[in-house]
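Given the coordinates of chain A, work out where chain B should sit on it, guided by the hints.
Chains as they are written, first to last, in this note's numbering: chain A, 1 to 111; chain B, 1 to 888.
Hints were generated in silico from the structure; no laboratory data involved.
One or more hints might be untrue.
[Said to hold, decoys possible] Calculated cross-link-like contacts (lysine-lysine; reagent style DSSO-like; alpha-carbon spacing at most 30 Å):
hint: 1; chain 1: B; residue 1: 83; chain 2: B; residue 2: 376
hint: 2; chain 1: A; residue 1: 76; chain 2: A; residue 2: 18
hint: 3; chain 1: B; residue 1: 376; chain 2: A; residue 2: 86
hint: 4; chain 1: A; residue 1: 86; chain 2: A; residue 2: 25
hint: 5; chain 1: A; residue 1: 76; chain 2: B; residue 2: 376
hint: 6; chain 1: A; residue 1: 86; chain 2: A; residue 2: 104
[What the hints assert, rightly or not] Partial list, derived from the structure: chain A residues whose beta carbon lies under 10 Å from chain B:
hint: 7; residue: 28
hint: 8; residue: 32
hint: 9; residue: 46
hint: 10; residue: 54
hint: 11; residue: 69
hint: 12; residue: 71
hint: 13; residue: 92
[To be verified] Taking beta-carbon pairs under 10 Å as the criterion, some of the chain B residues facing chain A (in silico):
hint: 14; residue: 54
hint: 15; residue: 59
hint: 16; residue: 67
hint: 17; residue: 377
hint: 18; residue: 379
hint: 19; residue: 380
Here the structure is a predicted model, which is why all the values come from computation and not from measurement.
Cβ atoms here follow ideal geometry from the backbone N, Cα and C, with glycine treated the same way.
Chain by chain, the residues run as shown.
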Amino acid sequence: MAGSVDLLQGTLDFLILKALTWGPKHGFEVSRWIRDTTDQALTIEQGALYPALHRMEQRGWLEAEWAITEHRRRAKYYRLTRLGRKQLQTQDADWRRYVAAVGKILAAARS
Amino acid sequence: MGTLRSLFRLATGRSRVEADVADELELHRTLAEEELLRQGVAPEEAARLAADELGDRATLSRQVLAIDRVRERRMRRAEVIGKWQSDLRLARRGFRRDPWFTAAAVLLVALGVGANIAVFSILNAAFVRALPYPDADRIVTVVETRQGRGMSVAGPNLRDWQRSANDFTHLAGYYITNTVLTGAGAPETIATAVASRTFPAVLGIDPMLGRWFDAEEAVAGGAPAVVLSEGYWRDRFGADPDVLGRQVRVDGLAATVVGVMPRRVDFPVGAQIWMPAERWDDGPSRTAHNWRVIGRLRAGVGPEEATRSLSVLTRQIVAGEGDSDFLADGARVTPFRQTLLGQSPRVLRFLQGAVGLLLLIAVLNLTALLLARAAKRQGELVMLRTLGATRVDLIRRFVVESLLLTAAGVALGVAAWLPLRAALVRAIDRIVPFVRTLPIDLPFLAFISGLVVVVGIVAGVVPALWAARSVEHGSAARPSHRIVGPSRVLQTLIGVEVAATFVLLAGAGLLSRSLTRMLDQDLGFRSEGRVVIPLPLPVDAGNLAGDLARRGLVLETARERLAAIPGVASVALTTAVPLQGGSPNGGGMIQGEPSSTGGPGATADFRVVSPGFFEVLGIPVSRGRDFTAHDRAGAQRVAIVNDAFVRTYLPGGDPLGRLVRMPGMDIVPTGEDWAAIVGVVGDVRQDGPGAEPAPTMYFPLGQRPQFRLVSAVARVDGSPGPVLRAAQAELARLDPEMPFDGILLAHALNDVVAVPKLRTIVLGVFASAALLLAGVGLFGVVGFIVLRRTREIGVRLALGAPRTNVAGAAFGHALRPVLLGLLAGAAVALGVGQVVRGFLFEVSPGNPVVFAGAAALVLTTAAVACIGPIRRALAVDPATVLRADDAR
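Here chain B stands alone, though its shape is the one from the complex:
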């Protein structure tokens, strides 16, 4: 704008100012010369003296021009500012006269932009804000690949990479697991990251206190050591600066605190302590994919280049390993931010789309409101034009009004967002867990200002242009008579608005329907009134076999004590609590089938349970029997399989009595003999709704003791609260070092469906807001359209048309753009449905019930919005309308 104006001045202004200065100086010279001639000085001498009086003309005019230019710039600026100021004053006065319109418009903008502000703040934190690591763009995630599919990395491969990969300054392996930490207050289950010695070098962040692991600690069987996260150090150790050197026990292993990592590391997300990866020798297997790997690229090396070279290296190191479905044939290097974001980009894009639609609706609404207001003020505008206001003046007035309303709306939106920030971070914890704060930074402020300018100008410009044009058409002599109506523009606005609203409503409908489906789905077990109590026991690494026997005793004692608690109906033990993940699978064998003679394994989930497990969780035993106390060591080995196992591997025949085994699942090989199938149980959706039940083998805990985490599950009569409290007390008596993390199984279910639920709620809120906005907009705009037809309605009534016909015609006229909008919306929604298909559960993206419901909602809203204005128009006495028209 400024450039344009200076160009303009270049073309016209400068020459005028220059000419003026030249004229002024020349006049002085002429007059001086004439004066000298009058005094009788010789003409040549007079000319010289006169020129001399002003000195060097060129310098002088440059000097004077410079002064004039400054003056002119100031004047122009003052003039422009003055115009805007007077427009602002007028706009404010207008708003005070029309408080309802103003409140509606501001609220509307606030609703529309509020959600956008919230979502942008999340996107900003997730995508835009720099990662808190130095040279973060050189940090990458590395996976092994087989035929392009990514896998975690096998220990020996990681070590070979660390030795030989040239494109990395450092590579580090890590994984995150739960451990029990004791020796610092009450025992506690904490998230523990096991990470390579190179880990801080990859991230480029050193401990804030103490040090990372040294060569004596980061080695197999080395001195046990832990590094605390800043958060854990503050919460658990009160930020004690003397924490270094303190002893804690991690899963029973005495370890020394050697350092504290600053909070900004926060990786792996949620890690509370770190332990050295090198302590655990995970053997020579190149198919045991245990490690996630991050690396720091050498400066100037890109991920693609590193992918190529690392793939070559990987093929070299696995050559001669034979072939296996689990052996890598390449590697892939991707930017670290993608790892941090995980699945969130999809969800965030979805949110972005939803709030974008909401913003569109808000803008359209504001446009429509301003347009209707402009039409009402047409007389005033014509008068202004007659009084000499230019087109630009009129347009500026509208844009100023629109900008002012938008600014107020955005301010209200930000004001509403501020106190909700903390809640917002908690709500998105599952989607983008590494986002801990929503900063008010430069990009955020830019976004906010951008919102004001874009919305304000977009919403203001259409009414402004329309008003300017209509003023040209409407002659000053006959103000407000037969002026081109804004109906066409308004109808388009309504159509687009209805379409956008329909898309949001349909989307919300699809998601809520799929959520209902999800919640209604039979999971194969009962969750209500069931509590889960993990029983983490430390491992005595020095005496595995002895420890295994001890564990069996401790667990059985725990089970008995829990069973004795009043209110507990039954208790069982299991390695595989539904909805808690972590159910390992492996290649099973069935005697008499190819899987027992070197053929492909009967891949099945491996679960170990105590007698009564199926009864506790309400899993039906369809054939045979449950495990009993007699299924103990020394007795006939037994197993139970689920329906999916029978369907998949033993269709047709009688599974009972068949012999199965699941090798390779135990650290101490105790139970790998053939076991007879004694029962068949119902399928369980172990990972919650939407997860297909996998073929599963159950083994009795009495015959197959486990180092895996065993949990007690209990069926409770009545309130579970007192039971959990009693259980905590009982277990503390049994083992004061065992942390208590008892929960309700129903809560775990809630957690599993939390993300789809959140999605549904968010979109539901947006859709409701959209409907509200559309309702407000339709009310204003349809009312306005009907109002403009009042005269026509009056005439038709006066000519004797039946009221119902007239009302019907008016309805039809008002609803036509709504119907067109619905059609467009349905088409768009079908397209969008394909995009959100991944979020849908047993609902097709074009679900007719959802579409019909959404359409009905929009139509009803529109119809209700029409009723008032149409009734008012019908109630007007036709004679009055006609007379009023004549009087004009």
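One chain only, chain A, in its complex shape:
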């Protein structure tokens, strides 16, 4: 896992929300989506994923349902709620602004 960075506080929530934009996923799928999408640049800290998922479920951003996977296993699938989608929009906008700002700073530093 060389080259990976630790997640900033609050980033995990955003990544989970983003992961679920493409439909319901169970916890393992969420973790692999994040890893694969970032080309293994971002990994989730040991034991941080499931508390985050359950906390977001408690806040009403996600709702969960037990279903059978394609390999006939019982899994808990998470799905975005309306509240979760709204949360994603807000965080998405915030992140874009943040990334743009940091990008400008980095550009300025090089010249």
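Just chain B, lined up with the frame of chain A:
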């Protein structure tokens, strides 16, 4: 309820949530392991890495579980609240659709609980609220006893107790009397407490201003001083902070104001000023029971223990006093609250019983109304059940409706009680005089909420259970056809309700009959058109004999001036105005009888009157003559006795000319020689209705001048108002320091019967309310029963039964529970009658007239309630009923 639910979760919920979390985490581990194996990692290494990905499993699942539990609790709560909210919404909608039912139910509850709220507020103030004294449970009342009977305490005994009783930190004697206070505005008769120097220490309350009496004041012949009550200080001295040091005259004695006691002391109840008891040396007699005594127990000592030790001490101090019927042989120590309450617990318990019955009736009524409503809505309920509502859902709906109605009713009851509070305090002044405010405190609020919950649930649960059961019985396929009727339950309700109503009615009837008897009773004197004017004169303690002569002159002048007032037909003077209490008695002697030679005394009331007294009050002189102006000092001593005296002590012989005397009644012994009986007069019920006339000796004021309070009584032609005003002006001219407290004798009579009257009115109001409630309830319930029999009535009519027969059967059916209720009520009323016997006057607790009247009232009400529904049922075309039934 919450505990039950968490137990439930413990049994089922937790394991499921835990298993889910374990499954979820295990799946992650399995998938990760499989992924690693696919990538060609060695199995042992794959297993280690996969487990590592999640970190410490135990910590993780604890963390996740904690989050889930919070979520679950919130969800459950939201679900429960949601159900109640939707029930509330449904109930409100239902009530809006049915405004008459709603109004009737709310009013009914308000009527039923209103009286309970009022009575509870009194009970709360009297029994529950803490007394306003520090460590009040250590304050006790102490009496001397002889053979177990309590007596006031003799001065020397009190002083010995104060010196030697170990169980008390302080003991204080007191009594309350009237004095005339002058030197602070118009002269005024005020309630004066004479109390020991230890009095504030017993109660644990110091003066708010100035001080209590010091050693120089609280001693025989000490510097005269008074302490004012806060109320009197505010009313009379405008709360003047510089009042200390002011001079006032109390019964002519110049005294200095040294302190002001805060309002919360209010003991002895009604006291306006205090004076030191130690100023008056009441002599060495241990049989002169002058003092009431309160004490403060040492911490840890109970009343029983103190009673034992004080009894021993009392026997020691009276040893060697010889024996007398009036000498103590023990003492008794009782909690102070009992003294404050006095006779009131009996009256309050009686009120409590009455309002309790009223509440019962209201609850039964609400139950019946809800039950009838439930029966009407059976179809709707069956449908709800079919649509998946659980039994619990149905029951909850009913309870919510009932709670809502009850809450509205209780709110209305409280709203009605609030503005009546002040009037209520005034009305109960004679019953619990120390209750000055009715607080809205924690116990009161608890009671109110308790009322809502208890009434709401009790009234709601029976209809709910019935509805739930009937829904189970009634099949969804054939709604509202042949469903078990609520008749049995309803009939029981009616029976109990009728019984309770009958008890209240009978009670009210007994009391009002006994009040009538009381008011009709011949008191032996006339009160209408008679005015009473007390003539309080100060005592010149330094020259008693001279003062006595002066008093005679002043009183005679006053009498003459009053007699000259236009409208006054006649005036006389007396020491014993009827209905004003305070007629002393003593051991009289009759010459030639054992009482004159050391035998038992001829105990008789002692009264001193002027000529014309009997004529003024309309007391018949049956033999001999009245006193005349010639019966004065120096002339032959004379006396008049009443019929009771003759009956008791001189039966058979001729009383006229017999010689009698009444020793020991005068401070200055002037008239203790033998006096000849010159007349016999009718008996007088001195203390009002119900008081047996005592043997009485009358002496002429001219021969026996008195330091006692003498009053003028006058017979007035026409309106007494102007006479009283003129009398006030005349007396002010005669003695500007004499307060004027003239009243109508008829008012005094009203005061005497005020408590029985209040009792009767209160119970009468309750009984009327009960009858009204029962009427409403019967109307609704009987109507409902008849309605359910409409089909049967239709069938019988169709089969040709005569209308009168059918109507009669319907009546009988509806009235049967009423009759059973009456029987039960009569039995209960007979039992209750024994309890209220003490309140009854010349009426037996099972008075047949009262019982018959009450029964007739209930029956009439029930019959009237039946007529409408039965007529409606008879008017229905039988064919319609049958067709309607087929159509179902």
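We went through each hint and held it up to the structure:
{"no.": "1", "hint": "B:83 to B:376", "verdict": "24 Å, holds"}
{"no.": "2", "hint": "A:76 to A:18", "verdict": "18 Å, holds"}
{"no.": "3", "hint": "B:376 to A:86", "verdict": "49 Å, violated"}
{"no.": "4", "hint": "A:86 to A:25", "verdict": "19 Å, holds"}
{"no.": "5", "hint": "A:76 to B:376", "verdict": "49 Å, violated"}
{"no.": "6", "hint": "A:86 to A:104", "verdict": "28 Å, holds"}
{"no.": "7", "hint": "28", "verdict": "4 Å, holds"}
{"no.": "8", "hint": "32", "verdict": "8 Å, holds"}
{"no.": "9", "hint": "46", "verdict": "4 Å, holds"}
{"no.": "10", "hint": "54", "verdict": "4 Å, holds"}
{"no.": "11", "hint": "69", "verdict": "8 Å, holds"}
{"no.": "12", "hint": "71", "verdict": "9 Å, holds"}
{"no.": "13", "hint": "92", "verdict": "25 Å, violated"}
{"no.": "14", "hint": "54", "verdict": "6 Å, holds"}
{"no.": "15", "hint": "59", "verdict": "7 Å, holds"}
{"no.": "16", "hint": "67", "verdict": "4 Å, holds"}
{"no.": "17", "hint": "377", "verdict": "38 Å, violated"}
{"no.": "18", "hint": "379", "verdict": "38 Å, violated"}
{"no.": "19", "hint": "380", "verdict": "35 Å, violated"}
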